[in-house]
Amino acid sequence: MISAHALPTLPPAADLAGIAVFALSGALLAAQLRQTFVTMVFFALVTGVGGGTVRDLLIGAPVFWVRDPWVAPVCLTTALVAWFTPTRWWEGRFLEWADAVGLAAYAVIGSAKALAWGVEPVPAWMMGVITGCVGGIIRDVLAGRPSILMRPELYVTAAALSAAVCIGGTVAGLPGALVWPLAAFAGFALRGAALARGIALPGYRG
Amino acid sequence: MISAHALPTLPPAADLAGIAVFALSGALLAAQLRQTFVTMVFFALVTGVGGGTVRDLLIGAPVFWVRDPWVAPVCLTTALVAWFTPTRWWEGRFLEWADAVGLAAYAVIGSAKALAWGVEPVPAWMMGVITGCVGGIIRDVLAGRPSILMRPELYVTAAALSAAVCIGGTVAGLPGALVWPLAAFAGFALRGAALARGIALPGYRG
Amino acid sequence: MISAHALPTLPPAADLAGIAVFALSGALLAAQLRQTFVTMVFFALVTGVGGGTVRDLLIGAPVFWVRDPWVAPVCLTTALVAWFTPTRWWEGRFLEWADAVGLAAYAVIGSAKALAWGVEPVPAWMMGVITGCVGGIIRDVLAGRPSILMRPELYVTAAALSAAVCIGGTVAGLPGALVWPLAAFAGFALRGAALARGIALPGYRG
Numbered sequence: 004m005i006s007a008h009a010l011p012t013l014p015p016a017a018d019l020a021g022i023a024v025f026a027l028s029g030a031l032l033a034a035q036l037r038q039t040f041v042t043m044v045f046f047a048l049v050t051g052v053g054g055g056t057v058r059d060l061l062i063g064a065p066v067f068w069v070r071d072p073w074v075a076p077v078c079l080t081t082a083l084v085a086w087f088t089p090t091r092w093w094e095g096r097f098l099e100w101a102d103a104v105g106l107a108a109y110a111v112i113g114s115a116k117a118l119a120w121g122v123e124p125v126p127a128w129m130m131g132v133i134t135g136c137v138g139g140i141i142r143d144v145l146a147g148r149p150s151i152l153m154r155p156e157l158y159v160t161a162a163a164l165s166a167a168v169c170i171g172g173t174v175a176g177l178p179g180a181l182v183w184p185l186a187a188f189a190g191f192a193l194r195g196a197a198l199a200r201g202i203a204l205p206g207y208r209g
Numbered sequence: 004m005i006s007a008h009a010l011p012t013l014p015p016a017a018d019l020a021g022i023a024v025f026a027l028s029g030a031l032l033a034a035q036l037r038q039t040f041v042t043m044v045f046f047a048l049v050t051g052v053g054g055g056t057v058r059d060l061l062i063g064a065p066v067f068w069v070r071d072p073w074v075a076p077v078c079l080t081t082a083l084v085a086w087f088t089p090t091r092w093w094e095g096r097f098l099e100w101a102d103a104v105g106l107a108a109y110a111v112i113g114s115a116k117a118l119a120w121g122v123e124p125v126p127a128w129m130m131g132v133i134t135g136c137v138g139g140i141i142r143d144v145l146a147g148r149p150s151i152l153m154r155p156e157l158y159v160t161a162a163a164l165s166a167a168v169c170i171g172g173t174v175a176g177l178p179g180a181l182v183w184p185l186a187a188f189a190g191f192a193l194r195g196a197a198l199a200r201g202i203a204l205p206g207y208r209g
Numbered sequence: 004m005i006s007a008h009a010l011p012t013l014p015p016a017a018d019l020a021g022i023a024v025f026a027l028s029g030a031l032l033a034a035q036l037r038q039t040f041v042t043m044v045f046f047a048l049v050t051g052v053g054g055g056t057v058r059d060l061l062i063g064a065p066v067f068w069v070r071d072p073w074v075a076p077v078c079l080t081t082a083l084v085a086w087f088t089p090t091r092w093w094e095g096r097f098l099e100w101a102d103a104v105g106l107a108a109y110a111v112i113g114s115a116k117a118l119a120w121g122v123e124p125v126p127a128w129m130m131g132v133i134t135g136c137v138g139g140i141i142r143d144v145l146a147g148r149p150s151i152l153m154r155p156e157l158y159v160t161a162a163a164l165s166a167a168v169c170i171g172g173t174v175a176g177l178p179g180a181l182v183w184p185l186a187a188f189a190g191f192a193l194r195g196a197a198l199a200r201g202i203a204l205p206g207y208r209g
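Chains as they are written, first to last, in the numbering used here: chain A, 4 to 209; chain B, 4 to 209; chain C, 4 to 209.
Hints are not guaranteed to be accurate.
[Said to hold, decoys possible] To give an idea of the chain A side of the interface with chain C (calculated C-beta under 8 Å), a few residues:
#, residue
1, 61
2, 64
3, 65
4, 66
5, 144
6, 149
7, 159
8, 180
9, 181
10, 184
11, 207
[As the list claims (entries may be wrong)] These stretches of chain C come out as covered by chain A in the derived footprint (C-beta under 8 Å, 3 or more residues):
#, region
12, 28 to 42
13, 60 to 70
14, 75 to 86
15, 138 to 150
Hints in this document: simulated from the structure, not taken from any laboratory.
Just so we're clear, the structure is a prediction, and the values are computed from it rather than from any experiment.
Idealized CB from N, CA, C, for every residue including glycine.
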């Protein structure tokens, strides 16, 4: 099942930090909606691990957080922090930029993991997009609000760029140490441009 | 994959009765919405088996109802009963109390099954909550109405209490014959207090 | 895991054509909603492969499109076609009739695949319904509009008829070459009658 492709791994602390950023965005949405602490934990978990969970189910890998002793407690702790701090600490741009880093990093990790499990390039590209975006989409569907998928912002597109660079470079035989940082940077730069200048994709005009 | 933890099993009739109660709550929502019989079957199935299905997918167990000859027919029969009886037979408090029993029982079964499959304690606790609550959440999302997750009622919290007592007692090495009934009773008592006195959790106040 | 039941396979071109029809219905919904190209690809993929994906996860089979080199590119190409053509090319009845063919064909394929994987008859029947309908349901939930599941049209019912004939005939020991076309025709005829004459199921009247 495992092919010869290598798998990028974040240092464990960076990986957990990335999950915590996603989890925080879920917990803060629950706070905005004036929800209870239990709901906040649920949103933190779904947003933090949702994308990677769907990827692992699709490629047939064991779901990454179920047998990990740290990921679920990190989501729980994030919800605790969100509950006991004023939301204005987290408002503004810090969280959006942290989320942009996470989006690009997880799009690369997700597509590289899919390649490493022997998935074909086009589906592996889609796995990268899913890893970066699906947690936020499930969060928005549960909250009953229009998901990032339905907004013209360059969000899903940034994940798609990172995953495409990762797949393209790997298939071309370039070393991971070169491809992975480059791929993550490309998606982060695009998402950053969208945040800084409000760039959006055009909608269908018929 | 299977650890040394034991697995609580309900007597088969009690297990099917629990699934039928959840399935009935799905079928009755379809009836309230004046849906067709086919939709009613779909809702009965999703609500009856949704939580356990998500748990089994996450922990990598075979999905419990797919190879079982009884569970799917029970959901189908429940939908038939709901279709041919007036909804007022089922309105009022009977169904809520039956659902409270099912919620507590399935939170215990779900967390104990996850432990038995070698899942770490914190994710196993979350598997208990998922087993008890996710069927109803999917049902509400499909119906386009705010899910129990977004209401302040002590519902998800009751499942969380049952699962926590189950995990805590098992990790402490207490025998299942003591822990499981105690855990189920704790969650049922909390849910019962919420039903009898309208207790709710506080929302986030910033 | 694999039982003695045979598995119907469409000729590869017909199979990809069926996926493309479902994917096109997803892409066109994104076009109607004036979404971006990236969203259109996401909708094409989810609608094209969603039902079969859920079926494969439930029965424990490898997800059919993840290791296939053609399915994901077909969904991508379909989205490109939808983006660069005026929607009026696709409006009107052509797409509805193509969708009716796909619905009946995939209900048969899904239930036969479940039987071939050793699933019991009643759950296998439900797998057929899921394969035909769930892609469209996820598409509608993501778009935030009432799904086909909540409309009285004979849609889910047509899939249920095809799957039931397929299961019934196979369990009765009839040869697949006879059962599969008959089952697909039955569901297609029912869906066609609904399209041609606006037949709908009655809703629950209490």
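Violating hint indices (sorted, rising): 2, 3, 4, 8, 9, 10
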